[in-house]
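There are 2 protein chains.
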Amino acid sequence: MIPAPYLLYLGHSTDAVGIKTSRGLAVFRRDACVGEFRYDDCPFTLDLPRMSMAEGAAAGARTLVLGIANSGGKMGDDLIADAVAALEVGMNVAAGLHQRLRDVPQLALLAEQRGLQLFDVRDPPADLVVGNGYARAGHRLLTVGTDCSVGKMYTTLALTTALRARGVAADFRATGQTGILIAGGGVPVDAVVADFISGAIEQLAPARNDDGWDLIEGQGSLFHPSFAGVSTGLLHGAQAEAIVMCHDPMRTDMRGIPGRALPGIEECLAMNLQVARLTSPAVRAVGVCLNTSAMTPEAARAQCDDTAAQLGLPCTDPMRFGVESVIDRLLA
Amino acid sequence: MIPAPYLLYLGHSTDAVGIKTSRGLAVFRRDACVGEFRYDDCPFTLDLPRMSMAEGAAAGARTLVLGIANSGGKMGDDLIADAVAALEVGMNVAAGLHQRLRDVPQLALLAEQRGLQLFDVRDPPADLVVGNGYARAGHRLLTVGTDCSVGKMYTTLALTTALRARGVAADFRATGQTGILIAGGGVPVDAVVADFISGAIEQLAPARNDDGWDLIEGQGSLFHPSFAGVSTGLLHGAQAEAIVMCHDPMRTDMRGIPGRALPGIEECLAMNLQVARLTSPAVRAVGVCLNTSAMTPEAARAQCDDTAAQLGLPCTDPMRFGVESVIDRLLA
Numbered sequence: 093m094i095p096a097p098y099l100l101y102l103g104h105s106t107d108a109v110g111i112k113t114s115r116g117l118a119v120f121r122r123d124a125c126v127g128e129f130r131y132d133d134c135p136f137t138l139d140l141p142r143m144s145m146a147e148g149a150a151a152g153a154r155t156l157v158l159g160i161a162n163s164g165g166k167m168g169d170d171l172i173a174d175a176v177a178a179l180e181v182g183m184n185v186a187a188g189l190h191q192r193l194r195d196v197p198q199l200a201l202l203a204e205q206r207g208l209q210l211f212d213v214r215d216p217p218a219d220l221v222v223g224n225g226y227a228r229a230g231h232r233l234l235t236v237g238t239d240c241s242v243g244k245m246y247t248t249l250a251l252t253t254a255l256r257a258r259g260v261a262a263d264f265r266a267t268g269q270t271g272i273l274i275a276g277g278g279v280p281v282d283a284v285v286a287d288f289i290s291g292a293i294e295q296l297a298p299a300r301n302d303d304g305w306d307l308i309e310g311q312g313s314l315f316h317p318s319f320a321g322v323s324t325g326l327l328h329g330a331q332a333e334a335i336v337m338c339h340d341p342m343r344t345d346m347r348g349i350p351g352r353a354l355p356g357i358e359e360c361l362a363m364n365l366q367v368a369r370l371t372s373p374a375v376r377a378v379g380v381c382l383n384t385s386a387m388t389p390e391a392a393r394a395q396c397d398d399t400a401a402q403l404g405l406p407c408t409d410p411m412r413f414g415v416e417s418v419i420d421r422l423l424a
Numbered sequence: 093m094i095p096a097p098y099l100l101y102l103g104h105s106t107d108a109v110g111i112k113t114s115r116g117l118a119v120f121r122r123d124a125c126v127g128e129f130r131y132d133d134c135p136f137t138l139d140l141p142r143m144s145m146a147e148g149a150a151a152g153a154r155t156l157v158l159g160i161a162n163s164g165g166k167m168g169d170d171l172i173a174d175a176v177a178a179l180e181v182g183m184n185v186a187a188g189l190h191q192r193l194r195d196v197p198q199l200a201l202l203a204e205q206r207g208l209q210l211f212d213v214r215d216p217p218a219d220l221v222v223g224n225g226y227a228r229a230g231h232r233l234l235t236v237g238t239d240c241s242v243g244k245m246y247t248t249l250a251l252t253t254a255l256r257a258r259g260v261a262a263d264f265r266a267t268g269q270t271g272i273l274i275a276g277g278g279v280p281v282d283a284v285v286a287d288f289i290s291g292a293i294e295q296l297a298p299a300r301n302d303d304g305w306d307l308i309e310g311q312g313s314l315f316h317p318s319f320a321g322v323s324t325g326l327l328h329g330a331q332a333e334a335i336v337m338c339h340d341p342m343r344t345d346m347r348g349i350p351g352r353a354l355p356g357i358e359e360c361l362a363m364n365l366q367v368a369r370l371t372s373p374a375v376r377a378v379g380v381c382l383n384t385s386a387m388t389p390e391a392a393r394a395q396c397d398d399t400a401a402q403l404g405l406p407c408t409d410p411m412r413f414g415v416e417s418v419i420d421r422l423l424a
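Residue numbers (the numbering used here), protein chains in the order written: chain H, 93 to 424; chain R, 93 to 424.
Each hint can be trusted.
Straight line, CA to CA, 16 Å or less: simulated EDC-like cross-link-like pairs of lysine to aspartate or glutamate:
(1) R/Lys166 <-> H/Asp219
(2) R/Lys166 <-> R/Asp212
(3) H/Lys166 <-> H/Asp212
(4) H/Lys166 <-> H/Asp195
(5) R/Lys166 <-> R/Asp195
(6) H/Lys166 <-> R/Asp219
None of these hints come from the bench; they were simulated from the model.
For reference, chain H alone in the conformation it holds in the complex (with noise of 0.2 Å):
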């Protein structure tokens, strides 16, 4: 387990999407969280104590979290200079790119040296199998998306709790950097070897026996062309008995790919249901969860109303109207 509490890393950040595991930390596990660093170009705030590396650590900070996120996952020199100044005040350092941090020799070297640790949570399990999609025992719900980035972990979260509060057995199951250093386990599925995709999902929804649910998280879209394989995988693994769809509307081009359009949340949730019956025929869709933060609360409300109806499936905004009709259908 990574030392608690932590100081959240913004940095130079300037892309809203790009802070979400530093963002869902501060979100979903406030009480670990003593400050946030961030520098005067960065325009966004996690509403924590602005802090300097040593004040994080006075303020008792065991872990800085780098909890930024780049397409390609690469650490550039900034970044290690601030891991290193974080080791140099005496707090570990957890990131979730896709390059290590115990792989750059100067963090490696100085973390040794101070006697202190590396966390890099990007790192896949060591010992995958290939998927079988054989029948298993369970309730399993997966998120799918229309784009990466659209608030599978959210709604993942926000429905785990809500089947709880019903007195349903009920696990989020992680397989993002955010949802992993949440939750405190869970697979880095975008960073298996992609023959081991829908195995990795396998393990980590195995069976179950106690009608609980596993609840879990969505990672990409079949409509991203950088990142479907790995949603593909991910739909095959879960097996999933009930999906729901989420969408950014104010989203008007794919994470990452200027000027491809998104898909219709229909013709996204048709596809997402023909690929899911390979391993789970009888798959249904139980909601449509919408992220309307830029919206007025009453266009919130209207959107998720049409889209309901268009539909014909509940639809909400988790974080603004909570999860209760997903539930609700999941449950009928």
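Following the hints, put chain R in place on chain H, whose structure we already have.
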């Protein structure tokens, strides 16, 4: 480059599909093969002289190729012992399993002591980037399949040869261990980190402006619960103008998944075209290639004719009847 000539390993293999790398080299690089190494319990031969390790080395073999594949790609003790024996008589060792030769300390040490090399063909390139799906110049064809190991590599090689015979510039782009050993280069797409599947193929077959063709070897199947993620990313990365469907009419179950039936060719073709359209909206199917090696010539001919009539596409067995009909359709 891996020093030729080769001694081809069959070992104790009793799975005709599992020896496809050794068989592929025996067929397509026969001049580079001096013999085969097998135990008495192996029922297969490549019609090469049977040799011990010492006899292989004495006959001039410079590399033992562990040309066998198993789902998951782990090495057993018997395989390691045979690799040791090869090193001890002075041969390099090449393999394409997920488990790396160099990660077996005994092999790494022995190779270093003897001044010999270990070749892990399944090592992906170091500097992959994520795909983007933007339109790029050039003609590309991808082979797809109803299952793993149904003849995609053979078909791709046959199409490359046939195009060249017509004076068309054409290059085989290998994506699997056997193809890479035959071609001397390529990308082992099932071994790349999941986020980089489509990006790896964009790098393997970049824009070309000479009016020639890249013929990309497909992997897996959209209907294979273990590997469909790889096949999906491959389709998106290939951005193929044309696809050719490969199928083994004698296959009763999906490779490695006893009890799971293969999809129909028509259903599989439709799904491949649907997925491919994300990055290649005008993609078209130009033929079906069957592996009829277990059928009589009459039955094979009838099967091809029936399939062609049913789908309205040229259908052939590349090894038996050539691929001219497919090339005609491709260039029409």
